[in-house]
Each structure stands twice: as C-alpha cells, then as structure tokens.
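There are 4 protein chains.
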Amino acid sequence: MSEKQQLLSPLNYIPADIQSAQDYEYLARRFIAAPNYEYIAGGSGRDQTLASNLAAFNKWAVCPRILCDVTKGHTGFNLLNREYAHPIFLAPVAYQKLAHPLGEIESARAAEAMQSCFISSTLATQSLETIAATGAEAKWFQLYFQPKLEATLDLVRRAETAGYSALVVTVDASIRMPSLGALRAQFKMPDECVAVNVQHYEINPSAEIAANESRIFQGAMREAPTWADLEWLISETNLPVIVKGVLHPVDALKLKNVGAAGIVVSNHGGRSLDGAPASLDCLAAIRAAVGDDYPVLFDSGIRSGLDIFKAIALGADAVLIGRLQVYALSVAGALGVAHMLRLLREELELCMAQTGCATLDDIRNTRLQSA
Amino acid sequence: MSEKQQLLSPLNYIPADIQSAQDYEYLARRFIAAPNYEYIAGGSGRDQTLASNLAAFNKWAVCPRILCDVTKGHTGFNLLNREYAHPIFLAPVAYQKLAHPLGEIESARAAEAMQSCFISSTLATQSLETIAATGAEAKWFQLYFQPKLEATLDLVRRAETAGYSALVVTVDASIRMPSLGALRAQFKMPDECVAVNVQHYEINPSAEIAANESRIFQGAMREAPTWADLEWLISETNLPVIVKGVLHPVDALKLKNVGAAGIVVSNHGGRSLDGAPASLDCLAAIRAAVGDDYPVLFDSGIRSGLDIFKAIALGADAVLIGRLQVYALSVAGALGVAHMLRLLREELELCMAQTGCATLDDIRNTRLQSA
Amino acid sequence: MSEKQQLLSPLNYIPADIQSAQDYEYLARRFIAAPNYEYIAGGSGRDQTLASNLAAFNKWAVCPRILCDVTKGHTGFNLLNREYAHPIFLAPVAYQKLAHPLGEIESARAAEAMQSCFISSTLATQSLETIAATGAEAKWFQLYFQPKLEATLDLVRRAETAGYSALVVTVDASIRMPSLGALRAQFKMPDECVAVNVQHYEINPSAEIAANESRIFQGAMREAPTWADLEWLISETNLPVIVKGVLHPVDALKLKNVGAAGIVVSNHGGRSLDGAPASLDCLAAIRAAVGDDYPVLFDSGIRSGLDIFKAIALGADAVLIGRLQVYALSVAGALGVAHMLRLLREELELCMAQTGCATLDDIRNTRLQSA
Amino acid sequence: MSEKQQLLSPLNYIPADIQSAQDYEYLARRFIAAPNYEYIAGGSGRDQTLASNLAAFNKWAVCPRILCDVTKGHTGFNLLNREYAHPIFLAPVAYQKLAHPLGEIESARAAEAMQSCFISSTLATQSLETIAATGAEAKWFQLYFQPKLEATLDLVRRAETAGYSALVVTVDASIRMPSLGALRAQFKMPDECVAVNVQHYEINPSAEIAANESRIFQGAMREAPTWADLEWLISETNLPVIVKGVLHPVDALKLKNVGAAGIVVSNHGGRSLDGAPASLDCLAAIRAAVGDDYPVLFDSGIRSGLDIFKAIALGADAVLIGRLQVYALSVAGALGVAHMLRLLREELELCMAQTGCATLDDIRNTRLQSA
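Protein chains in written order, with the working numbering: chain H, 268 to 638; chain D, 268 to 638; chain R, 268 to 638; chain A, 268 to 638.
It is worth saying that the hints were derived from the structure and are not from the lab. Among the hints, erroneous ones may be present.
No distinction is drawn between identical chains; accordingly, a pair holds when it is met within one copy or between any pair of copies.
Claimed, not checked - Taking lysine-lysine pairs in the PhoX-like style, the calculated list, with each CA pair at most 25 Å apart, reads: (1) K455 <-> K364; (2) K339 <-> K415; (3) K521 <-> K339; (4) K521 <-> K326; (5) K523 <-> K455; (6) K523 <-> K326; (7) K326 <-> K415; (8) K364 <-> K521; (9) K455 <-> K521; (10) K339 <-> K455; (11) K339 <-> K364.
Using the sequences and the hints given, assemble the complete structure.
So this is what it looks like as structure tokens:
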C-alpha cells in the first residue's frame with residue numbers, strides 16, 4: 268500500500284492547513300476508507316439533491332454594511348427555554364465509528380466543549396446512555412420509530428432517563444438507499460459499526476408480499492410512521508418533540524398544530540428522495556407558514572459560517588451540522604469537531620460583523636440579495 | 268480485438284452492478300456494436316433536442332411529504348377501457364435486432380411478464396404476427412403510413428387480425444436523419460435488420476423532381492400523411508387511433524376533435540426535428556388544451572421513476588420507454604427488459620411513497636417545484 | 268512538415284463527410300493556414316460578441332406541427348422588386364484569397380449557380396468588374412466610405428456601370444481590430460491579398476493629432492461616415508442603398524426615414540465592438556420599429572437552416588452567410604460554396620416542412636418557443 | 268531553477284504581446300513571485316465575490332450606434348472642483364513593493380504622466396511624503412483609521428501638508444483575510460514590504476478577551492471605525508472625505524447626509540467579505556439613492572475599457588484600477604502602468620465612438636442591454 272493510500276489515524280492536534288471549516292471535507296479523505304467516504308459524502312441515487320443543496324446557497328449574496336458598532340455583538344439565543352451561546356448544533360449522524368474508533372463519544376465531547384447541542388442518533392455506534400455519560404449538557408435524542416411500538420417507547424424512556432431534553436423524530440427516512448457512488452464503491456457497513464441502541468429489539472418477521480403487491484407500498488412503507496404514530500408519541504412523553512425532515516409548508520403548519528415543539532427543515536443532506544428540492548429553497552416558505560416564533564431548525568448543505576448566516580436570514584433559528592462533523596471527527600476526534608465548530612462560529616461572527624449584525628435577530632432582519 | 272472492445276452476448280442473468288434503470292444505458296455499450304449504439308443513443312442533427320429532453324426534467328424538483336399512510340398505494344389506472352397495473356409502456360422502437368438477435372420477441376415477452384403494454388413498430392424486425400404470438404396481452408400496433416394506401420390498409424387489417432387493441436400512428440417522422448454522431452460512426456443498417464412487416468409492399472417509383480422543385484417539399488413530403496389521411500384511417504378501422512409525435516396544443520386539440528382516441532406527446536426522442544422543444548416542456552400546455560379526461564401519453568427523455576413522476580404530474584397518463592428498452596434488451600433480453608421495467612416501477616413507487624402519493628391521481632394533484 | 272499539418276489544396280469534389288452546412292467549419296481548418304483561420308474565425312477583442320451571436324440562437328426552440336400538406340412549399344420571396352428563389356445570400360466578405368487562390372470569383376459563381384445574391388466587398392481581392400464578369404445575375408456592391416469623397420463616388424459609379432443592383436453601405440466598421448486570438452497567432456495580411464478595388468485611390472495624409480487629442484475621437488473617427496454622408500450618398504445614386512451594421516431600433520427607424528432602401532441587422536459577425544449584443548437579440552425590436560414591409564436582412568451567427576428559420580421568425584427577410592461561405596470556399600471553391608448553400612436551403616426547407624410552413628410568410632407567423 | 272520559473276526583472280519597454288490592458292494580468296505571472304501573485308490576484312475565502320465581480324460585467328451588452336459624429340469627443344469631466352482628462356484613477360493598493368522594487372513611486376509617476384489621479388495607500392511601502400514628491404498633481408490619500416486617534420489625526424495632517432487634495436477612508440476592511448489560495452501558497456509579507464507610513468505609531472496593547480467573549484465582536488471589531496469616528500474625521504479636516512467600501516444604498520445615502528464628499532462603491536476587489544454581492548450589481552441602486560450629482564466612484568472588477576463604459580452607464584463618475592495597476596507595475600514599472608492606463612482609455616474611447624457617445628454624460632444616458 269502506497270503512502271498516499273495509507274489511512275492516517277486521527278490526529279491529536281489540528282493540522283496547519285485547516286483554514287476554514289470546509290477544509291475538513293478535503294482532509295477527511297485521508298482519514299476515512301474510500302468506500303466509507305463515498306457513503307458519507309454521497310447522497311442518494313444520482314446525488315441531484317445533494318448538488319442542489321449546495322447550489323442553493325450560491326443563489327444569494329450578503330450585502331456588507333459599514334461603520335456599525337458591533338462590539339456588543341453575540342450569537343446567543345433562546346430555544347425551547349434554554350439559552351444557547353450559538354446556533355450551530357451537531358446533527359444526528361448515524362454510525363460515527365465509520366469515521367473514528369470512539370465514534371459519537373468524541374463528537375459529544377466536542378459539543379459540550381463548544382457549548383453546542385449534541386443530537387444523538389438512534390443509530391449511534393455508542394449507546395445513548397454512554398453518550399449521555401460524557402457529560403454533555405445540551406443534548407437531544409434523535410428517534411427513529413421502531414418496527415414495534417414497545418421498542419419505540421423503550422427508546423423514549425431510556426432517553427428521558429439519560430437526561431436528553433428533547434426528541435428529534437426523523438420522518439424522511441422510511442426508505443433509504445445509498446448513493447449510486449457508494450454502491451459502486453462497494454460500500455458495506457463494517458462489522459464494528461453496530462447500532463447498539465436498537466440491536467436487541469425484536470424485529471417484525473419479514474413481511475410476506477403477495478404477488479400483486481408492491482415491495483414499496485405494501486412492503487417497506489408498512490412500517491413507516493404516520494401522523495397517528497406521531498400524535499401517539501407526543502402524548503406519551505413530556506419531552507418536546509421536534510420533527511426532522513420537513514420540506515413542505517403545509518406539513519410544517521400541521522406539525523405545529525398537532526403539538527410538535529419544532530421542526531427541522533431538512534432533506535436528510537440529500538440522502539432521502541433524490542430529486543427533492545434543496546433544503547434552503549424550502550426554508551422561507553416554511554418560516555412564513557409557521558410564523559416568527561415557532562422553532563425552525565435547518566440542515567442540509569451548511570459548509571461555512573456564511574451558509575449559516577444565509578439560513579438564519581431565510582428563517583432558521585439554528586442549524587445542524589452533519590457531514591462536517593464527521594469529517595472533523597475523522598481528522599482529529601473531539602478536538603477536530605470542536606475546532607470545526609469554532610471555525611464555523613467565527614466565520615458566522617465575521618459575516619455578522621461585516622454586515623452590521625450584532626445579534627441573530629439582526630440577521631433575521633437582513634434581506635439577502637440575489638447573487 | 269482486445270477484451271475491452273469485444274462485444275458480450277446477451278446475458279441470461281441480471282448483472283450485479285445494475286442499481287437503477289438508467290444503469291442499463293452505460294452497460295449497453297458493451298453489448299451493442301459502437302456504430303449501432305451511436306445510432307440508438309443519438310438523436311438527429313447536432314442532438315440539441317436530445318439534450319433538451321433530458322435537461323427539461325432537471326428544471327423540476329419533487330417535494331417530499333411526511334407521515335402519510337400509503338400502504339394502500341398502487342400504480343394502477345384505466346386507459347381506453349383497459350386496466351393497467353402501472354403506466355410504464357414499451358415504446359415502438361424500430362429495428363430491435365440492432366440490440367438482440369431475437370429483437371422484438373424478447374421485448375414483447377418482457378412487457379407481458381411485467382404487465383406493461385407493448386407497442387409493436389411497423390419497422391420491427393419480427394413480423395407483427397410473430398410478436399402477437401408471444402402471447403402479450405396488452406399490445407398496440409404502431410403504424411407508419413405507407414406510400415400506397417393499400418399497404419397502409421393491409422397493415423391495419425393484419426394488426427386487427429393479430430389482436431392488437433389500438434393503433435399508434437406516428438406523424439413526426441416524415442423525414443428522418445440519423446444524428447451527425449451516427450453518420451460519423453458510419454452507421455449503416457445491418458443486413459439482418461429487415462423491416463419484415465413492410466418488405467413486400469410495393470413502393471412508389473422514385474419521383475421525378477423538376478429542376479426548380481425542392482427535394483423536401485416536392486420530394487420527401489409528397490408521401491407524408493396529412494389530416495385527410497388521418498381522418499380516412501380513423502374511418503376505416505374500429506380500433507382506437509392514437510397519434511404519436513404531438514408537441515403543439517393546437518394540434519392536440521384538433522386531434523381530439525377529429526376523433527383520435529388519444530395522443531403521445533413526443534419529439535421522437537430527439538430523433539426528428541433537431542431544434543424542437545423538449546417534449547416535457549410541451550406537456551402541460553397540451554394537457555390544458557385537451558382537458559383532464561383525454562388520453563395523453565408521453566415519451567422522450569424518461570430515464571428514471573422520478574422522471575415518470577414528473578411527466579405524470581405535468582399531465583401524462585402513461586409514459587413510453589424507448590432507449591432504456593433497447594439498452595436492457597441488449598444486456599439481458601426479455602429478462603433485462605423486464606428487470607428494467609420493474610426498476611422503473613419501483614423507482615416511481617418510491618417517489619410516490621416519499622411524496623405521499625398513493626395513486627397516480629395523487630401525483631396529478633401534486634405541484635412540482637422549480638429546481 | 269507532417270501530413271497532418273500540411274494544407275490541402277481546394278478540392279474539385281465534395282468530401283464525403285460533409286453532412287451539414289456547418290461541417291465546412293471544421294473541415295476548413297485543413298484548407299486554411301492557421302493564422303488566417305484564426306483571423307477568419309475570430310471576432311474582435313475577447314470574442315464575447317462572437318460567442319453571444321451563437322448562444323442567442325440556442326435560446327429558442329421551433330415547435331413541430333403535424334399532418335400539414337406542404338407539397339406546394341417553396342422558399343421564394345420578393346425583395347426590392349426582384350424575385351429570389353430563397354433567402355440565403357452571400358455576405359460581403361473581404362479578402363477571400365485568404366481562403367482560395369481565385370477568391371471572390373468562385374463565390375460569385377456559386378451564388379449564380381444556386382440562385383443566391385452575391386454581395387461583393389469593397390475590400391475584395393478581385394475587382395468589382397471582374398466579379399461582375401462571372402455573370403452572376405443577382406449582385407449587390409458593398410461600399411465602404413473612402414477617405415476622399417471622390418473615391419467613394421468613383422466606386423459607386425463603377426458599381427452602377429458593372430451592373431450591381433444595390434449598394435450595401437457598411438457603417439459598423441469605422442475602427443476594426445482583429446481578435447486577440449488572431450493577434451496571438453501573428454496573423455498578417457498576406458501579400459497576395461490586395462484590396463484591388465481601392466488600391467489606387469489617394470489616401471488622406473496621416474492626420475496630425477495634438478498632444479491632448481485622442482487617437483480615437485480626433486484620429487480614427489475623423490474619417491468615419493456620418494448621417495450627412497449617408498444622405499449625400501442616397502442623393503447621388505439611383506441604386507437602392509441598404510445600410511449594414513444596424514443593431515438599435517432608433518437607428519433602424521431613422522434609416523428608413525432618411526431613405527435607406529433597407530437595412531442589415533448585423534454586428535459584423537462579432538468583428539466590430541466586442542461587447543455588442545448578439546445580432547439575433549436585436550432583431551425583433553428592429554422589425555417592430557420599422558414595420559412589416561421594410562426590407563430587413565440579417566447576419567452574424569447563422570450556421571444552419573434552423574438558424575435561418577429562427578432569424579426569419581424573428582423578423583428577417585433574408586440572411587447573409589459570411590464565415591460558412593469562406594470555409595466552403597476553402598474546401599472546394601465554387602463547388603463547395605454552392606454545396607453549402609444547397610445544404611442550408613434544404614436544412615431550412617426541412618425545418619419548414621416539419622413545422623408546417625409552406626412559405627417564408629408562414630415562418631413569420633410562427634411563434635418561437637423558449638428553449 | 269528553470270528558465271521558465273525564473274522571474275524577470277521589470278522591463279524598460281512595453282512587451283510586444285500586450286494587445287489590451289488585461290493582457291498585463293497574464294504577463295505579470297512571470298514578474299511576480301508565485302505566492303505574491305496568489306495574494307494579489309486572490310480575493311478572500313473561496314473567492315466567490317472575486318468571481319462575481321467579473322461575472323457581473325458579462326450580464327450586460329453595449330449596443331452600437333451608427334453614423335454619429337464623435338470628432339469632438341473627449342473623456343473629460345469635473346470632480347470635486349477639479350477637471351480630469353479621463354475617469355480612470357489608480358486605486359489605493361497596499362504594499363506595491365510586492366510587484367516592483369520602487370513600489371508606489373512608479374505608479375504615482377504613471378498617474379502623473381497619464382493625467383490620472385493617484386490614490387496613495389496608508390499601507391504604501393513608500394511614505395506619503397515620498398510619493399507626493401514625485402510631483403503627481405492629482406493625488407488623494409487613502410486613510411485607514413488607526414488604533415489610536417492621535418495616529419489617525421497625524422496621518423491626516425501629514426496628507427494635508429504633503430498636498431493631497433482628498434481623503435479616501437476605507438471602511439470595509441476591519442477584518443481581512445487572504446484568500447485560501449494565498450494561504451495555501453504560503454504567502455507571507457516579505458521583509459522589504461513595510462507600511463512605512465504607520466510603522467512608528469504606537470499600537471494598542473493586545474486586548475484581553477474574556478473566555479465568553481468573541482475574538483471577532485469583542486476582539487477585532489473593537490478597533491473598527493464607526494459612524495461617530497467618521498463624523499469626527501469630517502469635522503477635523505478641510506479636505507473632502509470620500510468613503511470607500513460602500514455597497515448598500517442606505518449606507519450611501521447616510522454618508523451623503525453626514526457630509527462625506529463622495530463614495531467609492533467597492534467590495535475591495537473581492538478581498539473583504541467573501542459572499543458579498545458583485546460591486547457592479549450594487550451600483551445602480553446606489554446611484555438612484557444619492558441622486559445624479561453626488562460623486563460616486565467605482566472599483567472591483569474593471570479589466571477593460573468596456574467594463575469602464577458599463578460602470579459609467581450604471582452610475583459611476585470614475586473608476587479605480589487596482590489589480591491591473593499592480594500587474595502593469597510588475598511588468599514595466601511606471602512605463603507599464605502608464606501604458607495600461609493609455610490602453611484602458613483608448614478601449615473606453617473606442618467603445619464610446621462605436622456607441623455614438625462623445626462625452627461621459629452621453630454614456631450615462633445610454634441604456635445597457637441584457638447580454
């Protein structure tokens with residue numbers, strides 16, 4: 268194996284050539300095995316939505332303002348009765364051992380160090396209890412509905428017990444397919460990547476599908492959650508329930524009406540329906556539908572503080588960082604993720620300073636310009 | 268001849284690296300001789316319309332919906348008093364022995380196996396009777412007007428006798444030219460590709476064109492069908508007559524008024540007038556012109572279930588698959604075509620499931636978003 | 268010198284691989300010395316307008332119509348009281364010996380053979396009398412105002428005597444610069460390329476420019492023609508005066524009002540002001556300004572019969588062919604130019620037939636579709 | 268070191284292959300060390316705004332007009348009670364010894380020779396007094412607010428004493444970062460590049476930032492100038508104060524109201540906020556906000572006389588040339604800069620002549636066309 272191909276172990280320092288948060292994306296290629304990198308970097312299908320997510324940010328420019336006094340500036344805000352120092356949260360990314368031997372433990376530590384909120388995935392490779400034990404203060408649990416309701420409820424109770432302060436129910440992943448790129452790179456989940464939270468739950472026996480039935484409608488979708496399931500969940504827990512994977516304003520408004528505590532505008536980073544619109548392109552209409560005060564988070568496509576500025580200007584309260592989290596994790600573990608968060612925050616602050624925005628509310632009152 | 272260049276015989280299994288219907292496009296290069304591939308893949312002239320056909324789909328995004336119950340979902344619909352399990356038909360593609368030694372027999376078998384409708388070409392390399400004898404239940408006959416009306420009428424009577432349930436009259440191919448790409452690859456119809464349906468019909472003697480006459484207007488167009496020819500045909504047969512090659516809403520409405528049973532919005536896959544608009548770009552205006560209940564089929568540019576979803580959302584009742592049919596035929600004969608149809612159908616169902624559409628009517632009520 | 272680099276002499280047959288008029292463009296590289304090819308193919312400056320000219324055609328699509336009877340179709344029309352068989356004229360291209368040893372004699376012969384109109388350049392490398400002597404029936408003389416009015420008038424009288432039936436005054440070339448590409452290829456007019464029409468006219472002594480004067484305003488533009496010069500010319504000749512190089516509707520209307528017999532909408536094939544709009548983008552507004560009946564010709568960017576169709580649909584009565592003329596001339600002299608004209612005409616007729624247009628007036632009543 | 272890599276010393280003649288002002292851009296690569304070139308050529312971050320600056324010009328075309336008499340044409344105009352022969356000024360570019368051993372002395376000499384206005388940078392590598400001593404008549408001083416007000420005031424008094432006739436206060440550079448390209452090329456300011464104007468001023472002690480404070484808001488921005496600082500400056504000097512770095516019409520109007528003598532619409536050549544809109548895209552709205560008579564200069568993206576024409580048509584009184592100044596300086600010192608200015612002026616005049624504009628006011632009355 269040539270030196271070039273040899274994978275580096277995670278570093279215990281920050282490489283000198285990281286000048287921006289996005290630089291982790293390129294560097295990570297040297298720290299993640301190629302098929303795993305393809306799996307992480309790819310979306311679904313032909314990666315059309317993945318590409319749209321990035322292109323959507325380039326449609327907007329941010330107009331600088333001059334001579335403003337921003338020395339009292341800060342990025343703090345309140346969400347669901349908690350103060351956060353900044354609006355940059357760590358998205359629930361599954362199977363983080365793909366990127367680092369300790370997986371989610373490192374990411375959670377970085378979140379705590381940088382005053383971020385960590386959202387722990389149902390499909391984490393560390394148990395939700397282990398992750399909670401890292402001491403991260405602001406932490407939410409991302410919930411996938413399980414085939415059996417008992418299992419779903421058990422996950423909820425465990426999250427409550429472990430001290431998670433909100434549930435993030437992902438509803439856009441009923442059927443997921445790796446990108447054609449990952450399939451071609453022959454990606455296969457490594458043995459050490461086990462979804463330990465759910466590995467012992469009973470699974471429904473493989474459904475029999477009649478000859479004239481559809482593997483999609485009567486097969487895979489049989490276990491997909493419905494509005495009734497969501498309402499049941501909301502009634503079963505005192506934790507606020509945030510719904511992730513919302514792109515349509517009608518769905519957003521309905522979620523508000525059935526009691527969801529907030530939403531995440533997201534197309535799963537381009538990993539769900541290939542052909543879905545860019546997440547950013549859906550944001551403004553959703554904010555308009557739910558009103559100014561309803562919690563709206565955003566993910567899919569954030570690569571810089573400038574991107575965060577744009578998402579907030581278009582209606583987001585906070586953003587979730589998925590791929591950059593994993594890339595930084597692969598390069599330097601908790602240190603890398605913390606550094607990446609710091610870079611994003613300073614990139615956001617730089618953009619705020621140059622546009623005369625001292626607070627996130629000032630961003631919200633900024634009108635983006637067509638690029 | 269190097270291994271790379273050597274053409275593979277059609278397989279009797281599905282290659283492992285086919286992950287989507289469109290993958291047959293790339294794989295087919297190894298199963299079809301290069302000039303033939305150029306002929307099949309190319310459009311006409313400089314392939315501008317061919318490129319537009321594909322680009323037109325990328326102007327649209329499909330917005331996912333959440334938490335819908337689609338377990339009763341299906342893709343069935345009624346067309347011309349027959350129930351179909353799904354809206355994915357096999358287009359009338361001429362000269363299928365270019366792709367497989369058995370040609371149309373294999374495609375027709377696949378159509379039957381997958382409950383599709385097979386549209387047999389006038390220029391098939393198997394006779395319409397042979398194709399009918401494969402037992403395909405849903406089958407239409409594609410008709411080119413012949414130089415002599417007796418020949419045209421003979422084709423109609425043979426189709427009626429053989430059990431075809433509709434005629435698809437193609438009207439956009441009066442003058443056809445291969446793409447410059449195919450000409451440069453020195454494509455020439457192989458000897459074994461004979462249009463057996465029509466080989467014994469008498470042809471008009473080569474017309475004399477006066478010095479000041481045009482090879483186009485007074486030459487080639489002398490034998491092109493006119494409205495009068497179409498009305499004559501409709502009066503001569505009890506079969507429903509569907510007209511293929513419609514792009515203008517005024518033509519569509521006139522066809523409805525003169526008694527055509529339906530239309531196919533099509534630019535012949537970019538193989539007719541190079542410079543014609545993308546077929547998809549013409550669809551919505553045509554649907555608006557003819558009203559909700561008139562049969563409107565669509566072809567030209569479909570490469571995935573997502574594309575089918577978009578065509579239906581813009582007004583199509585069903586779609587015709589041309590190039591993918593031939594590509595899959597070359598790779599694995601009837602098995603390949605059947606597999607390709609199954610992939611398309613499941614891609615469509617996946618897209619329906621993720622957008623909360625349980626039926627094709629639900630798709631029709633979906634508003635596409637600008638991408 | 269390798270075989271590849273060696274220039275071919277003009278052929279006395281049509282090469283087999285010419286499938287469309289535009290194919291002459293590529294083939295010509297083998298028949299024209301590289302710096303000369305750069306000079307001919309290039310525009311001015313950075314070739315922005317050259318590129319815009321071509322791109323402008325791609326903004327439009329042409330919608331096919333079906334089942335029309337076009338067997339009475341033709342491309343004839345009347346212009347300035349003469350009938351033409353088709354609207355494809357040969358533009359006044361200077362220095363044609365760059366492309367063929369006999370230069371304009373060959374092009375003029377082709378025009379005659381193909382019933383086109385030949386427009387002879389002031390800067391031809393054959394005298395206007397020699398060109399007239401080829402017997403071309405429809406011929407116009409392109410006039411550049413000369414430094415001395417006597418010389419201009421002498422050219423006019425010679426053109427009248429030689430039987431030219433119109434003057435085409437080019438007004439967009441007061442200051443011309445080769446493209447940077449041609450400059451970098453070190454293009455220099457070869458000794459055998461002499462503008463014989465004007466070589467013996469007296470030239471004004473080089474003007475003295477004061478230190479604070481501009482080489483442009485007080486230098487080069489001192490000899491540029493003005494409205495007064497044009498009106499003088501119109502009063503001095505009985506020939507119709509057509510003005511070439513018009514892009515602004517206000518100029519077009521003023522020309523009509525001062526008695527110009529017609530105009531050529533043109534940006535000199537992108538060879539004049541680099542940064543000027545595409546010629547096609549200016550056409551519709553000019554036609555609207557001058558009304559339906561005023562002669563409006565068009566050049567700059569025509570490469571196919573489809574392009575001609577679009578120009579006519581947007582308001583042109585006829586089009587002028589510049590670069591393709593020279594390319595075809597280099598490949599096979601008069602034979603090549605005649606063949607190129609024939610291909611363009613048949614490409615136009617093919618497009619007409621497929622859109623149901625039997626006459627040029629039918630094209631004018633066709634609405635182009637956005638591509 | 269290979270010949271190709273070896274850097275050339277500045278020439279004392281104009282290289283034959285310079286055909287346009289922009290050609291200095293490419294040639295300069297042979298005269299400037301690679302990391303320095305990256306620093307000069309780059310913008311900030313990922314160079315998005317740098318690219319937008321150039322692309323913005325390509326959105327517009329300039330429509331030629333015919334037969335106009337422009338022999339009285341000139342490019343003169345009045346600004347702040349001084350007559351200028353043309354509207355092409357030299358932008359305040361810092362650290363010009365990066366490009367030439369004598370730095371700003373050469374540029375200032377070129378400005379004088381070509382009747383341009385030289386704007387001397389606070390961060391020049393020659394003192395403002397040395398630059399003034401070159402005898403340049405039209406000269407302004409670009410002022411950066413210094414950490415200590417005494418130092419700022421000292422710079423103002425020195426500029427007044429040295430005979431500068433205006434102050435240009437740059438307000439968009441509170442926080443600057445080299446482009447990622449320059450960082451990757453390991454750019455580092457060479458030892459000989461010293462900002463001699465300010466090297467002896469006292470600097471504030473490094474500020475302590477509390478743990479919960481931001482390096483941006485409470486760090487770098489602590490010393491950024493505010494509206495109060497600007498008003499103080501205007502009150503302290505009799506020189507007209509022009510503010511550079513304005514992109515928002517509200518800021519422009521406020522500057523007019525607080526007594527700024529004029530503004531420079533600029534995004535610092537894409538070197539400040541990456542993600543800011545193209546400077547040209549902001550120009551028309553700003554001109555509309557401040558009215559016809561208020562001095563509005565423009566920079567960021569000018570590479571040709573055509574670009575200057577467009578900027579004036581969209582509202583600029585004059586333009587500032589940054590990068591081309593440095594490129595020409597590197598190639599041939601004062602001679603190169605003077606030649607570059609001459610080329611730009613003649614390119615502008617050529618464009619004026621071909622559009623019938625005899626004066627800058629005529630340009631202002633010209634409507635650009637969409638390209």
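Hints, verified against the model:
For the homomeric pair K455 and K364, the shortest alpha-carbon distance inside one copy (13 Å) is at most 25 Å, but the shortest distance between copies (39 Å) is not. For the identical chains of this complex, K339 and K415 are inter-copy neighbours only, at 20 Å across copies versus 51 Å inside a copy, given an alpha-carbon limit of 25 Å. In this assembly of identical chains, the alpha carbons of K521 and K339 lie at most 25 Å apart only when taken from different copies (22 Å versus 38 Å within one copy). Taking the shortest alpha-carbon separations for K521 and K326, neither the intra-copy value of 29 Å nor the inter-copy value of 28 Å comes in at or below 25 Å.
For the identical chains of this complex, K523 and K455 are neighbours neither inside a copy (38 Å) nor across copies (54 Å), given an alpha-carbon limit of 25 Å. Within a single copy, K523 and K326 get their C-alpha atoms no closer than 29 Å, and across copies no closer than 31 Å, so neither meets the 25 Å cut-off. Taking the shortest alpha-carbon separations for K326 and K415, neither the intra-copy value of 44 Å nor the inter-copy value of 40 Å comes in at or below 25 Å. For the identical chains of this complex, K364 and K521 are neighbours neither inside a copy (36 Å) nor across copies (55 Å), given an alpha-carbon limit of 25 Å.
Taking the shortest alpha-carbon separations for K455 and K521, neither the intra-copy value of 38 Å nor the inter-copy value of 56 Å comes in at or below 25 Å. In the homo-oligomer, the alpha carbons of K339 and K455 never lie at most 25 Å apart, since the shortest distance is 50 Å inside one protomer and 32 Å across protomers. Neither within a single protomer nor between protomers do K339 and K364 lie at most 25 Å apart by alpha-carbon distance, with minima of 40 Å and 38 Å respectively.
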